[in-house]
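**Q** Sequence:
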Amino acid sequence: MESGEGLLKWKSENLDLERPLSAEKETKRLQQVPHELLIIEGNSIGHAALRRLGSTIELHTVVISPEQRGKGYSHILVEMVLRRWHQDRILHSASIQPPVDLAAAMRGDKPVEEVWRRSMICFTRHPSLAATLTASGFVHAQKKRRWWALWLRRHPLGILSTRTLLSLLLNRVSRAVKMLVLAEKLPERTKNTGKIRTFFQHRRRLFHQLAHLSDNRLFILKPASSLNLHSQRDGEDIEDKLKGMGLDITIHTQDRDKDLRKEESESWDRGAKDEPPLVDLTEEE
334 MESGEGLLKW KSENLDLERP LSAEKETKRL QQVPHELLII EGNSIGHAAL RRLGSTIELH
394 TVVISPEQRG KGYSHILVEM VLRRWHQDRI LHSASIQPPV DLAAAMRGDK PVEEVWRRSM
454 ICFTRHPSLA ATLTASGFVH AQKKRRWWAL WLRRHPLGIL STRTLLSLLL NRVSRAVKML
514 VLAEKLPERT KNTGKIRTFF QHRRRLFHQL AHLSDNRLFI LKPASSLNLH SQRDGEDIED
574 KLKGMGLDIT IHTQDRDKDL RKEESESWDR GAKDEPPLVD LTEEE
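For the sequence shown, counting from 1, position 215 maps to 548 in my numbering; every step adds exactly one.
Watch out, some of these pointers could steer you wrong.
[Unchecked claim] What follows is a list of derived Cβ distance ranges for each label pair: (1) D442 to S507: 15 to 25 angstroms; (2) E400 to E521: 41 to 51 angstroms; (3) R384 to K555: 12 to 22 angstroms; (4) Q364 to V506: 22 to 32 angstroms; (5) K524 to W449: 28 to 38 angstroms.
None of these hints come from the bench; they were simulated from the model.
Note that CB positions come from ideal geometry on N, CA and C, so glycine has one too.
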């Protein structure tokens, strides 16, 4: 499957992702934004994109083809992203040529490496992706008091800087306006039962994301974090952490029974399909 066609199909089926464009526009957009594509035997089966958001890097649009879920490809995809984040100075708006301290060099002092990487954040409400991020070194952001909340309550976004928070707000408002103004193509099975219902159905993605806004969890990877690849963590430990975040998932280790049925796992990267419900407002009463 071509990358543009795959993104169009995946975004159309998953209402948690961004609004889909045409296959041609999706292909053209891939040339303009930093991303990672997971290609197996010439077919694109996974995608993850990166963007600068204030003083951080946001990992978004992480998706694996439904036909390939349950094979551990999500871990491979996130590792590809981590390598890009760890090595790409342009992604972080950092100088390709690191600064040289001539005075320290003349004294023979050991050069101190400057921390040029930005923090990487990711929002998700899916336990499977949360487990993958946790195993890769991401940490669930703890609530913190901030001035914009008048220090009255702890907020999940309190760990973000004001600059990042403003960039996040502008990004989400811009995306919401586009979903509200631009109508999205309806599924083939829907019926045209009136202008009002059809109007809301064309914008079902916006209302779906607003309904699940509070379910999202923020995960963050600090700039000084070491590259954590092929990590092996105790399944029970990760499960306890996810339950503490309000997420429910069954964690299975690598030596789990091969005859375990796929429906016993709630994780889309462990075999179960995670299809968000379609809010169909055109059904006749």
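**Q** A separate judgement is required for each hint: does it hold in the structure or not?
**A** Comparing the hints with the structure gives:
no., hint, in the structure
1, D442 to S507: 15 to 25 angstroms, "violated (47 angstroms)"
2, E400 to E521: 41 to 51 angstroms, "violated (20 angstroms)"
3, R384 to K555: 12 to 22 angstroms, "holds (19 angstroms)"
4, Q364 to V506: 22 to 32 angstroms, "holds (26 angstroms)"
5, K524 to W449: 28 to 38 angstroms, "violated (55 angstroms)"
Violation of the numbered hints given earlier is confined to hints 1, 2 and 5; the remaining hints are satisfied by the structure.
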